[in-house]
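*Asks:* Residue numbers (the numbering used here), protein chains in the order written: chain S, 1 to 487; chain A, 1001 to 1487; chain G, 2001 to 2487.
None of these hints come from the bench; they were simulated from the model. Note that this is a predicted model, so its numbers are computed, not measured. C-beta atoms are modelled at their ideal positions from N, C-alpha and C, and glycine is treated no differently. Keep in mind that a hint or two might mislead.
To be verified - Facing chain A, a subset of chain G residues (Cβ under 7 Å, in silico):
#, residue
1, 2007
2, 2008
3, 2110
4, 2314
5, 2318
6, 2331
7, 2363
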Amino acid sequence: MPGITPDLLFPAEAGQRALARELYALVESLPIISPHGHIDPALLAEDTPFPDPARLLIVPDHYLTRMLLSQGVPPAQLGVPTRDGDPVETDGRTIWRRFAAHWHLFRGTPSRLWLEQTFRTVFDIDLRLGPDTADEIYDRMAAKLAEPEFRPRALFERFRIEVLATTESPLDDLGRHAKLAADGWGGPGGRVITTFRPDNVVDMEFEGWAENVAWLGELAGEDTGTYPGYLAALRRRREAFVAAGATSSDHGHPTARTLRLSDAEAAQLFDRGMRGRADAADAEAFRAHMLVEFARMSIDDGLVMQLHPGSVRNHNRWLYATHGRDVGGDIPQATEYLHALTPLLDAYGNDPRLRVVVYTLDEYTFTRELAPLAGGYAALYLGAPWWFLDAPEVLRRFREAVTETAGFYNTAGFVDDTRAFCSIPVRHDVARRIDAGFLARLVAEHRLPLDEAAETIVDLAYHLPKKVFRIGEPLAPTAPTSEGSAQ
Amino acid sequence: MPGITPDLLFPAEAGQRALARELYALVESLPIISPHGHIDPALLAEDTPFPDPARLLIVPDHYLTRMLLSQGVPPAQLGVPTRDGDPVETDGRTIWRRFAAHWHLFRGTPSRLWLEQTFRTVFDIDLRLGPDTADEIYDRMAAKLAEPEFRPRALFERFRIEVLATTESPLDDLGRHAKLAADGWGGPGGRVITTFRPDNVVDMEFEGWAENVAWLGELAGEDTGTYPGYLAALRRRREAFVAAGATSSDHGHPTARTLRLSDAEAAQLFDRGMRGRADAADAEAFRAHMLVEFARMSIDDGLVMQLHPGSVRNHNRWLYATHGRDVGGDIPQATEYLHALTPLLDAYGNDPRLRVVVYTLDEYTFTRELAPLAGGYAALYLGAPWWFLDAPEVLRRFREAVTETAGFYNTAGFVDDTRAFCSIPVRHDVARRIDAGFLARLVAEHRLPLDEAAETIVDLAYHLPKKVFRIGEPLAPTAPTSEGSAQ
Amino acid sequence: MPGITPDLLFPAEAGQRALARELYALVESLPIISPHGHIDPALLAEDTPFPDPARLLIVPDHYLTRMLLSQGVPPAQLGVPTRDGDPVETDGRTIWRRFAAHWHLFRGTPSRLWLEQTFRTVFDIDLRLGPDTADEIYDRMAAKLAEPEFRPRALFERFRIEVLATTESPLDDLGRHAKLAADGWGGPGGRVITTFRPDNVVDMEFEGWAENVAWLGELAGEDTGTYPGYLAALRRRREAFVAAGATSSDHGHPTARTLRLSDAEAAQLFDRGMRGRADAADAEAFRAHMLVEFARMSIDDGLVMQLHPGSVRNHNRWLYATHGRDVGGDIPQATEYLHALTPLLDAYGNDPRLRVVVYTLDEYTFTRELAPLAGGYAALYLGAPWWFLDAPEVLRRFREAVTETAGFYNTAGFVDDTRAFCSIPVRHDVARRIDAGFLARLVAEHRLPLDEAAETIVDLAYHLPKKVFRIGEPLAPTAPTSEGSAQ
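Here chain S stands alone, though its shape is the one from the complex (with noise of 0.2 Å):
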């Protein structure tokens, strides 16, 4: 990637290193293919310039406010808003200048990676972060980001992305992917597409689901009262994802737990969970049973279904009160998938219509229980190291790991799955380094052709991420042949 080191993450080892620089090569500069993440749809259907480096860059980044708060500094120094309108730092370069005094926190993490490259190859700045630098990095951004060729659509033209996929939950009125679709650049086969994340009117446990589920019913003209209305709501919805471009759904439950209900028992479960009675296992077993009714819903749909589970939420709870979701304040818990995904996989497991790519925040169950699922079953794919496990060391140990049980063509490819526009392309670049050195000693092992490792580090970086999430072809060599299905 111009302006990166050429061998940034290579093994130093010569043979090797030179192995990796002819893979990489090939898929160096291919367009990217991003279908999950957490993009505001506004900022490409307004193309409105980004704000001042801090807010672009600091503000809205977790990773970075909370190695600080794990230092002793806290959020509101670096302007997190505060749920109840506290005054928080509000000077762009103040914020700058206090990140950059604490930069040496983050020596060997992907976040220093992440923001060194997004420096060099976003804005063409070679300084190193410092007390005695940020004032000049930060006023050469702030002149770039003033710049035509800074706006949103520019750089993702720029960026090489072919298609974005936004998360929006049903309750969204889907009015920016409209706009984007107008303008050429959304709706089915576009560059952004959306998402279908149910999970704030599927989970009981979320801050005002019944209300939730009212206005769900209102969007979708369905009669949300009673449980059939509410799945048929849901359907509706779903319809209008598709209509939006939509090639997959997400789901963020705290565990992976799968269920199948009766509708009876669905329904009684749903009138508690509406009358305000149900419990905490009541939650869990309806987020389970759903998860079930999407499979269903997808056969039928053709959505791809994402499984994101393991995260412990707001477990820093000063900071939730403080500060609300998403600063930083979740942690990973132990994760079990086999005994959890039985119902589901009991059910459809085995029916190559059905995708359910599976995430984890546990890789001590990557060879244990996600490689051999993966490798066992038509409808399961291994989702990308996501979050805390989205960094060069893990996605080396995940194919390290996967790839003798699943091979890589149970894998879904890179997701980025992140919040920072101007950090998807490192964060695909890195990926794309680190499959690299994997096949590379593959290869310096004798144990894969190069001509072989070449076809898989394509297939990695941009067949297969188009293919699992069902963009654009699929990989043929992988697809479901005429020669019929498992089920």
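Model the placement of chains A and G on the given structure of chain S, informed by the hints.
*Replies:* Relative to the frame of chain S, chains A and G by itself:
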């Protein structure tokens, strides 16, 4: 190994590679000790020619059929028999071509490695499998398989197998092993020996357990209607197995749980089971108790105990319903050893007359439980990485994880555990190469002198498995010495 | 380190090795900060000569005796005392020879490394241990041990130890530390300091807990018959420990569970325990509650809290019955941190006045729980890999696992935690070499500039442990700043 790329699997760095070559050269041609596996003894007893290449290498190999299933190709299309006799693909060449069309799925997997090296070293075929070469490879293999040099016993000699253990149930009449003994191939100290695997008469959840127990009584000439008679029958059958050359027993349980019941309690459980009144907890308790009983028997008759816990059998229920057991539908589950093994270890853990070889499908117990246990109890040895873990990356991680606490001499040497006769030499070769690479790194990092690394790799490849499994002479320096035992 | 192979433990690849050498050279001769360990303070208070080589290096080292036990050599044959006074081997030379005959068992283990480098660097003996050299090594060591240069205080100087913390119970009268202070060796800011380890008066399951609590009251001049008096007595003893130079407390619990009870609830538990009516759940709840109490005391008196959870003590019951505690019979168990630490973190997790150093015996929590917690709470620091994990491979995996989420500055620096005085320099040297190798890879992969790697390795070896454990000045850039705290 003749035919194999000389540096296969060796570290790429030149210094370590040179050391790995030097160490590997010491074990490359050593005889193979295969103390545990699932080769059908009929194969060697009758020495009948092998079937066509597809029936030899693909149809019975669940590593292969599950990978194609994971990409939507049903096992029936690969000739895997159905339980109800529904038609499946029967043409070997069609199966072979279909498999070849999906060969890319196995990039980076041990199956790719094993099969490719089997082509080369056993059949002298150096072509890369694919749609274009499928027929030629098939024809050349089929031609070879018709030659007398490719009969099982001829290959056994060519593979330099010194001892091969098969696995039989106590209900097996051991007729094939009698034939082998009669031919000078079997019996105590013979080349083909058996292993006592009593799961089908111990696990009350096993289909037809009660009938099996009755049958056991008939075979043993004991009244298995009572618990004492049941124990007596098991002792009789162990004697018969020892007479057929067995040096070990094998126990495949869902968990590693052990339990020490009084005879009265055990008898009650047994009776409940025989009356069909045992529940899941009873079955687990009885399995757990019997492990302690078998340990006691081992101290008497010297059979080495193997424990294979942690596999959830038939997790893929559709696959089980359609094709039955052992066709790729099993998945590992988290396995706890510390508390589970306590009753057994309290009873006999410090008694060097007992040898218990513990395997795992859960590598996330290597440093936390398995290495500390094997490094702290005289009776415990660590079995080689098993099944989903039986591949280069994990073999390497196993040494990196357990050596620092358990050393090399509390491990049991490589075990192929395979149903695929032709893959035995390659599997042992892979393990020898990984050990060579690991030891080469210790030498390169000045952690072990080369001469000790040389002694160690020979021990790992040959002396340790013989000693731990009581085949031939014990490995002198590590055997319990005249100094006496710990208990 | 003089006497050690220059490239010991460095990566074999030439470029990384050169970088590792360069980085290691910066820390090779830095003073040793040993903020936690189990050296007997009498050793330095009385400065008495060491016993014979066997009693110095083998008899008290459970890493060594458990390995021989695992191969059938009972600890009595190595001179480990028995509880009931049954005779054990008493001849140092016989023990030494017996040990030397089993030296091959330690290939690839840290014990091999530590002992071999201790021979070289402390005793200037470059022979390889074995039956042929046992006597010569024994005699040469014995001769050295008779010289004044090999008295404990002389070695302390030679080892360049700046600060060494021992570990005492609140029931210790700290007389030896008074002697050390009188000699100018101890006291606040001294070279030998103590650590407050209250397990024997906190854990109701500890033998003689109630008697210990009574004794605690006498020592502290408080009435420990009541819960408030018990808390007051603990505060008094903490004051005495602070006066003896302590900067930290240490807590060894079976689990990491914390709990916040009301004073009334805690008092009830305490009374139940004192009346001998507490069950296992009561004991666990009281331990968990006291951790939160100690955190509160730490905020007042500044003692850094160390938490050592996850060891199942005396798992080998025969060993415990025969030889007692701390002779190699402990085994790690799976340890959960996320939910266990929640009550403590809810109370004080964001308060930078509190420092909690968390250790683990369960490396399968590194990326899932420990790194995210340490990288998200101001009060938490990650302790060095402990006990079974205190070895080169795991030290490397620790950095590879936690750095991406917690960085380097939420770790606490190396801790030797040893009973073996002569192994202290080697253990720290090993950690410095592993960090040099890890940082060298980051530099070689262009992930960190060399000058920052250089600053980092000096911080890890010297500044971080001093800062985290409040020894000397805090490490300026990472100390809670004048900007104020998070809570």
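*Asks:* Give a verdict on every hint.
*Replies:* These are the hints, each one checked on the structure:
1. Because the beta carbon of residue 2007(G) sits about 6 Å from the nearest beta carbon in chain A, less than 7 Å, this interface hint is met.
2. Because the smallest distance between the Cβ of residue 2008(G) and any Cβ of chain A comes to about 5 Å, under 7 Å, the interface hint for this residue holds.
3. The beta carbon of residue 2110(G) comes within 6 Å of a beta carbon in chain A, closer than 7 Å, and the hint placing it at the interface holds.
4. Because the smallest distance between the Cβ of residue 2314(G) and any Cβ of chain A comes to about 11 Å, over 7 Å, the interface hint for this residue is violated.
5. Because the smallest distance between the Cβ of residue 2318(G) and any Cβ of chain A comes to about 5 Å, under 7 Å, the interface hint for this residue holds.
6. A cut of 7 Å between beta carbons decides the hint on residue 2331(G): the least distance to chain A is about 5 Å, and the hint holds.
7. Hint status for residue 2363(G) relative to chain A: holds, with the closest Cβ pair at about 6 Å, below 7 Å.
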